[in-house]
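K.L.:
Join these two chains into a complex; the hints should help.
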Amino acid sequence: MEKRLATYAALCSLGLAVFGLALPQVHAAGKLIAIITPSHDNPFFASEAAGAEARAKALGYETLVLVHDDDANKQDQLIDTAISRKAAAIILDNAGADASIAAVEKAKAAGIPSFLIDREINKTGVAVAQIVSNNYQGATLGAQQFLKDMGEKGTYVELVGKESDTNAHIRSKGYHDVLDQIPELKLVEAQSANWSQTEANSKMESILQAHPDIKGVISGNDTMAMGASAALQAAGKGNVIVVGFDGSNDVRDAIKSGKIKATVLQPAYRISQMAVEEADAYLKSGKANQPEKQSIDCVLITPANAGKLDNFQLK
Amino acid sequence: MTACKIVHDSDKAALDPSDPNNFDARVYVDAVWDRKVVTYFDQRAHPVTQVLASLAGDKDAAGAKFGHRAGGDGSPWTFAVRGVGVVKSVDTASHHGELTVDVAAAGHPVAATLQIGPVIFGTAVRDSLPFIAFGDFVNQIQYAEVSRALNDRAAALAHTGLRPVPRVGSKIEFVGAMTDPSLTGDTTITALRIRAAAVSAQ
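First to last, the protein sequences are chains A and B.
Okay, so the first sequence: first residue is 1 according to my numbering, each after it adds one.
Okay, so the second sequence: first residue is 1001 according to my numbering, each after it adds one.
Don't take each hint at face value.
[As the list claims (entries may be wrong)] Here are some, though not all, of the chain A residues that point toward chain B, as calculated from beta-carbon distances under 7 Å:
#1 GLN144
#2 THR166
#3 ALA168
#4 LYS173
#5 GLU292
#6 ILE296
#7 LEU300
#8 GLN313
[Unchecked claim] Partial selection, computed: residues in chain B whose CB lies under 7 Å from chain A:
#9 GLY1071
#10 SER1075
#11 PRO1076
#12 VAL1090
#13 THR1092
#14 ALA1093
#15 HIS1095
#16 HIS1108
#17 VAL1110
#18 PHE1121
#19 PHE1131
#20 GLY1135
#21 GLN1140
#22 ILE1141
#23 ALA1144
#24 ARG1148
[Claimed, not checked] Negatives, chain A to chain B, calculated, CB over 10 Å:
#25 LYS31
#26 LYS123
#27 VAL178
#28 GLY238
#29 SER285
#30 LYS293
Note that these hints are calculated values from the structure, not bench results.
A virtual CB, placed ideally from N, CA and C, is assigned to each residue, including glycine.
Next up, chain B with everything else stripped away, as it sits in the complex (with noise of 0.2 Å):
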């Protein structure tokens, strides 16, 4: 998978999600991955424990300070956050690999679970990103495969932060997008980016 891509002009019918016929989901992911995604995640993912803190008051408020709805009023918040845990368990035999850590918050520990791939479940990288709606896409297909193909090149960043596989009991940072944890009861986080915490980071 390459950093950067070249797009032709013969390309950007590929770009453009009114056009079924010829819209390409990697071609698209690629084009706003490094721009716009990964910038996204950097400068706007809020610290995990406040949104979790903020989402045990008022959800809505939560939701609507902190994070995005990506189909409307029935659908779930979603947020780009990020984090410094302690990790407690590393699978990486799974396809659907997970890492779990523990993260400070407000005096307790609260467990979440980073998905790490190469198996990515869900729609949370996507349906945290307020530029890419779903009524910017003809039907349902072309924003499934904008999932991912966003998913693919989640896992695969967030792989490079996995080389060596960090230690349970190391402490690491993390930027990744959350569903809110509340209906399914766990905080899952897609991850974005694993790196060893900077002791400056405590």
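So that you can see chain A by itself, here it is in the shape it has in the complex (with noise of 0.2 Å):
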């Protein structure tokens, strides 16, 4: 509250028109949701912008998405053309937890609300939302599920996301907190493949010549894992317990034909809708409807219900 009064007290201070652009309802007559998310080549990107864009447009919104390319300074340009197409609302995966700060300040300050998505910046106050999903949670689980595939035993291979953003450290982070207490399981190697199946594919392949007799694999996305379960199948090694973080439908596919055997659902599909509406809200009455920070628990996917899971949702 005190934060939100100073920044009330601050904004006033610059003097009364720069007050009335901070106000949202300003744009609302503009009924444009800009959506700005990683490439879609990732399906789980594709499927974030799917869910933001089919809620927007039911709700009575036009839509500009916009793909960034994990590149902070090309976010930085689209957040330009938001602003210049007086946007009423940003739904935001960004380019980087401490990248993206002064692009969203940069929004705020021209009176458009952000509402993030599935990655977090390392700032409150700025976005009027940040809704993740409780990757910490999803993380235990998937690897409490490897612990028991991996019989409580034996040498794994770790591949971890991209360095610049949090989700990439707090898989690693459930991921240990879980395994590291089993003394007899054993990490022989942890390698970034920023969250890229082709060069998962490639670090597989090279990690195998130095350790190829691994138990298993545990990845900080389904993209990592499907090129890890290809360089494994190919080195005829397809009895190797790999575990996935996404949900994809390329994962589950694959949990159903045995390579894989477990992912961790994030509801991005949900996340997205959510964050439309939260925008929604807020135009409307010029508010928050929720808390800033919000998590959203996320599902274990294992053979026993892959079947259910299709685009991000479980049916």
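P.N.:
Here it is as structure tokens:
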């Protein structure tokens, strides 16, 4: 509360014109919602963009769907585009926890509220909402299943996500908080493959040269799990236990065919819909109807429930 | 693990959840454990039978009355609960120790699993505490570290009630944290306190 009062006081001191701009009602008539995410090459981001777009259209908004390709400079330009197009609100899956703060601040200064999905920024009070999957809870679920499939012993490899993304660290932390407590389980290699399928594939190939007898691979996301799985299949090591994170249709099918053991569903489609609903409520009432930081629990996907999974939703 | 900790001025930064460079979850949890966390559970835990019965009706009404939602409307209801149960099984050999009990609810027993560590799954302890909010932390990392530190303290405290290990068929009292059981189908409680039931606890 103190923080909010201070913000209002600061805006007031800048003069009425600026204060007026900061009020969301000014742009509500613009009725455009900008949806900015990483590349849709990863089905996770395609799904969250689709979820946001569908919900925004259903609520009567026009949409502007853009991708920043995990490039903070490009993201900055896209925020400029949203500002010049007088967007009423921005739904953003950002390009870095620190690098994105200035971009969100710039939108705020232009009177456009941002609703962050999937990834956080390292500052509160700038975005109206930051809705993330409960990545820690999800990672501990994935690690518990990995532990079970490994029979609580053996050597394993961890594939870590992109360094600039808090989610890479938090998932790794969730894995280690479970797995490090089991003395019979041994981590032989941990490498970043930057969320990328092709990079995970080549990293896995070279890891297999040094450690041909690994028993399991735990991955920070599904695209890296797919890359690792392909390398393992190609090397005739289809019995190595692979666990991913996201809940993509690709990994669902790999679970059904036994190539991957489990993944963790992030309700991406639902999170982006929530962000649009919260933006709509904010534009109508001028205030947030939820706390800024929100986390949505993940669900473990195994052969038992893989059949119910489609486009990041359990049917 | 010490029961209490003297916080020096130099540790103040370690207690500030908005300072990711100096924040230390263990120092933070040590500072609030006895004074706030244990007090909260001892004073505010509701009978688990009452919470479960209420959850079987209007879930959100039950949650608002007895529980707490840590991360907004999309996050699960979490509860501080207490109860008395008959021990059905004890597993202290696994790293993820569990004790299953039957708690009598409206005439028929309900099976509940008490997590006793040392490896504790989930974030129920943290999420049931209204004074520890996700929004107070810079990001998920510090928030997760607090959960881990709370789980470790909970397992250590619960462990003091496991010497001697309760026999199957004996009656115990417990206090702990429970996430809405309808999400998994299992009533799992992270235990903070376990002790042999007093005769008067019937």
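K.L.:
Hint B/GLY1135 vs chain A: min CB-CB distance below 7 Å?
P.N.:
This interface hint holds because 4 Å falls under the 7 Å limit.
K.L.:
Beyond 10 Å on every Cβ pair: is that true for A/LYS123 relative to chain B?
P.N.:
8 Å, violated
K.L.:
Hey, does A/GLY238 actually stay past 10 Å from chain B on C-beta?
P.N.:
29 Å, holds
K.L.:
Closer than 7 Å between Cβ atoms is the bar; does A/GLU292 clear it against chain B? Give me holds or violated.
P.N.:
With a closest approach of 6 Å, the A/GLU292 hint holds.
K.L.:
Can we trust that A/SER285 is non-interface, i.e. its beta-carbon lies farther than 10 Å from all of chain B?
P.N.:
Holds, because the least Cβ-Cβ distance between A/SER285 and chain B comes to about 16 Å, which exceeds 10 Å.
K.L.:
Interface hint check: B/ALA1093, Cβ to nearest Cβ on chain A, cutoff 7 Å. Holds or violated?
P.N.:
Interface hint status for B/ALA1093: violated (11 Å vs cutoff 7 Å).
K.L.:
Against chain A, is B/PHE1131 within 7 Å by beta-carbon distance?
P.N.:
B/PHE1131 check fails; min Cβ-Cβ to chain A is 14 Å, beyond 7 Å.
K.L.:
Was the hint right that A/GLN313 lines chain B, CB cutoff 7 Å?
P.N.:
With Cβ-Cβ at 14 Å, over 7 Å, it is violated.
K.L.:
Is the interface hint satisfied for B/SER1075? The criterion is a beta-carbon contact with chain A at less than 7 Å.
P.N.:
Where the cut-off is 7 Å and the nearest Cβ of chain A is about 6 Å from B/SER1075, the hint holds.
K.L.:
Over 10 Å from every CB of chain B: does A/LYS293 meet that, or does the non-interface label fail?
P.N.:
4 Å, violated
K.L.:
Report holds or violated for the interface hint on B/THR1092, using the least CB-CB distance to chain A and a cut-off of 7 Å.
P.N.:
Violated, about 15 Å.
K.L.:
Have a go at the A/THR166 hint: is there a Cβ in chain B nearer than 7 Å to its own Cβ?
P.N.:
Where the cut-off is 7 Å and the nearest Cβ of chain B is about 5 Å from A/THR166, the hint holds.
When held up to the earlier numbered hints, the structure conflicts with 3, 7, 8, 12, 13, 14, 16, 17, 19, 26, 27, 30 and fits the remainder.
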